[in-house]
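Chains as they are written, first to last, in this note's numbering: chain R, 343 to 742; chain H, 9 to 249; chain Z, 821 to 1257.
Some clues are possibly wrong.
What the hints assert, rightly or not - Computed list of lysine-lysine pairs in DSS-like fashion (alpha-carbon distance at most 27 Å, straight line):
| id | chain 1 | residue 1 | chain 2 | residue 2 |
| --- | --- | --- | --- | --- |
| 1 | R | Lys353 | H | Lys144 |
| 2 | H | Lys169 | R | Lys661 |
| 3 | R | Lys579 | R | Lys615 |
| 4 | R | Lys607 | Z | Lys1130 |
Note that these hints are calculated values from the structure, not bench results.
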Amino acid sequence: MPIGPILRAMKHNRTRFALIILEIAITLAIVTNCVNMILAERVKMQQKSGFDDENLLFVIATPFAPEFEEQTYVEKVVHADLRALQAIPGVKAAAATQMLPWQGGGSSGTWKTEGYPEKFQAQIYGTTRGLFDVLGTPVTQGRAFTEHDTPTDPDTSTTVTIISRALAKKVFGDANPIGRVITNGEGDTPRTVIGVIDQFYNPYAWNIGEYVLFTPGRSFGSRGSSYLVRVEPGAMKSVVSQLEPRLVAVNGGRIFRTLTVAEVKDGFFAGGKLVIRAMTAVIVVLVFVTALGILGITSLAVSERTRQIGTRRALGATKGDILRHFLAENWIVTTIGLVLGVIATYGLNYALVANLTDQKMPWYLVAIGMLLLWLNGLVATVPPALRAARVAPAIATRSV
Amino acid sequence: MLEMHNIRKIYRTVTIETHALEDFSLVVGAGEFVAVMGPSGSGKTTFLNVAGLLDTFDSGTYRLDGKDVSRLSDSEMSRIRNRAIGFVFQSFNLIPDLNVFDNVDVPLRYRGLGASDRKQRIERSLDMVGLSSRAKHLPSQLSGGQQQRVAIARVLAGDPKLILADEPTGNLDSLMAREIMDLLDRINAAGTTIVMVTHSPECAVRAQRQIHVLDGKVVDLDVPRISLASPAGAGIASTLR
Amino acid sequence: MLTYNVKIALKSLRRNPVLTALLIGAIALGICVSTTFIALRHLFAKDPLPEKSHTLFYVRMDNWDPQRAYVAEDPKSLPTQITYRDAMALLKSDIPLRQTPSYKSRMFVHPDPKVGRPFAENLRVVYNDFFHMFNVPFRYGGPWDEAADAKPEQVIVISQPMNEKLFGGANSVGRSVRIGDRNYKVVGVLAEWRPSVKFFDMTQSTTQAVEGIYIPFNFSTAVPLVTSGNSDGWKGSDGTIEGFLASESVWLQYWVELPTPEKQSAYRQFVDNHVRDQKRLGRFQRPLHTAVTPIPELMEEFNAVPPAVKSMSIVSVLFLVVCSLNLVGLLLGKFLARIPEVSVRRALGASRLQVFWQHVVECELVGIAGGIIGILLSMGILRAIAKFAHQQADLVRLDGEMVLVSIFLSLVAGLLAGIYPSWRVCSVAPAMQLKVQ
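Taking the hints into account, I'd like the entire structure generated from these sequences.
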């Protein structure tokens, strides 16, 4: 197809083509940036906790009865609670801990260890022994907690810890972490690493989602206790219905709140899901609007040029020639629009990255976006171009 | 060159059928200059559309340059229009977005000629119509006569065997019209067959032969004066005046 | 003339209903998308207290670990809250017109057994200045007085929903509520108070509802109360309440009202001097860094507008631009097809300006119709979003200000899209007959 005359002819319809070019450029910028944001959200969502999320539930027991001021009583109740929970048919394992996966936070501290130059941050949770059965992440190196690890005096700090593989890698590298000592930021409360679990992820503010220290015993007191429970697949409903009566039977001077981890996870991702939906809607509607725009503008161009098309047909242009003429026009316009669009894409990405904490634009997204819009332009041009090809050559002799 | 026998063309809409051509027969020899005359609605334009393969017909036979062109596909018709036929329209039908050079280039492009060949043909034909200096102008910058000369250059560049002209002077004043007719004369003298539809008697007399069309048929006007006096010829008479 | 223009425009719009629908649809889509996201942004970004936002300031100071900044990657980062020790020292200043430390806690409320079982409720622990500073609206009674803060007295202010829950909405001033193991006297009941962003405590989710119960700050050590909000520390303490209060843990928000620029600079000096004094005692080993920040800047710093909402509002405006470009194309085609008619009008004596206005009016009619449809669509979408987000469903909506903004946007879109095509069509030369090509 000869490009020269098409280009020269296009100069006389500058406005129309400028409109399509701008539209395509902005559309490319929006689509690629929206997809980029969607991908960023999806990456966050695809992060695995490493736990049996679907079959976990969390119970918070908050006491108002005065007897809970007594620490020894609290401890007795916790043990009775755990026994009661484990007795419910369908319950696989239960542990008293304050760790609630996917709540978007938890407790953390600043730590030090010999051989690692800086202080580091990591999550920390106390737990009774059953936790690793509940989470479904066995201790793969070293040993699990035993009853001797829990200090008898509630005011003494614990001396052992089990950490996540990611934390071990970060601070000890490839060296054996077992037997190493981690202290708090001032070098107090030394704890010896006795075990490592392979899987751990709980989202946290400072990118410490994979770093955790577990300590044995006592994460409970007069302010209440909480339990993480793992159930057999499919048993969630029946277990939830039996929880409260069983715990009330242990001590009724408390209120209970039950959350399934699946719900908590849903809540954690609600914002992200909303973003994905909104962005997807914007992309779909925008691509549709742009296609309609190209269709509309090209249709007008065709009806405006009916006589010209007839003349070309009279001069020997085949239907294919006319079709190719409009497609070539569209190809030129789309290509210019896409080239401008690449600039706009990076410009918009820069504006968004500068303002917000979005990620950089990967080149392949831009390439895919260009291909998509190129096809979109083609599809939108075909109907009016076909209509143009059907213009009868006899139009040329129709008198004015 | 052009042989039409018993051509019939009917325009159909949902409610009415219009017989635009009915039993239309005409033979034009190679090298002839024929003027086709007739009142509005007589079927002149339809004849031109059919002759120029701009439109199909319902029955009859049509041989162009010895070849039967009665049942051709759209792209075969396009090919013949492009190579064998040249059109000169009343309203010039130049493409407003293209300059003079590119306008003359249009049919050559569809013929798929090489760049140097096209350039040579365009320059030669513009030279023949005396517009070499206007190659870069847009149609809107030219006078009507000049535009029609560009349209003729567009025909000449393609070296057609047959030129079909539709009221080529209809939109021009008499001085310009004479210029265009002189040009057509010269082209005909060089051997190209011309069939021209016209209202204008001054133009018609420049042709070697005049054909009259009425109600979709060629009427035999061997004795034109009688016909002019008869009531049936009233339409023609008024046209001639 | 305007009515004539409107009449012609309506006639022209009716002539090609499909094209008219496309035109209106283009504007409606653009307005709908942009209004929705601008409204969401507005919800988070709007000034919660326009009359006072520039005289209310939030105090921060860098008391963090000398070896490690509060946000390890950013050495300039400030702890988001301050320590109890520093709050007590700041309270001694008489520069601010009003001031209060503030934190969130949680306790059990024991209602009359006829009303229901005990339940846990969020409390906010503040000085009475809190209510005056933030223009907190009261239904019954009012804030406790200075004496109640000084003594302190066992008094509370409760929110409207809490008053519904405990007293069925009756005037409960003077009644008593059992919280924990003590009885508190109600002195005030708030009217409905639902700031769309919880601007007075942005250390946790800013879309949380405000607390149900307000209790004098000085009373909290006697209860004793501990924070249920964020508490960050870098230096261990001995685990007792006293130890915690003396520690470097930050857990208090601190607000001051500084009505004049003089007071503002004097107060900044005061805070810096306090830190310098403390440096002499061995605290504050990092470089001197304090901040006394007005509400709008603070909202910016705490990202009161979620980043996704910010991005979406930028994107949605571009979306409107694309819709307007479409509109320009369609209008251009529509108007140019009308050139023969216009050239006759011109021949009959219409001036260029008249032709121009006639077409602009047509564009604006499209703009208004599209705008109205867009706003209605947007209301529906916002309702759906509120439902999906389960949060503050009654807050996610178009307020009057936003409706005005959207109408303005649609008029501007109609005008911008219409100007060029109208100008093109009005520069047609007059002619006496309709002529094709």
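Here's how the hints hold up against the structure:
1. R:Lys353 <-> H:Lys144: holds (14 Å)
2. H:Lys169 <-> R:Lys661: Status holds; Cα separation ~23 Å.
3. R:Lys579 <-> R:Lys615: holds (25 Å)
4. R:Lys607 <-> Z:Lys1130: Holds - the C-alpha atoms of Lys1130 (chain Z) and Lys607 (chain R) are around 24 Å apart, at most 27 Å.
Of the hints listed earlier, there is not a single one the structure fails to meet.
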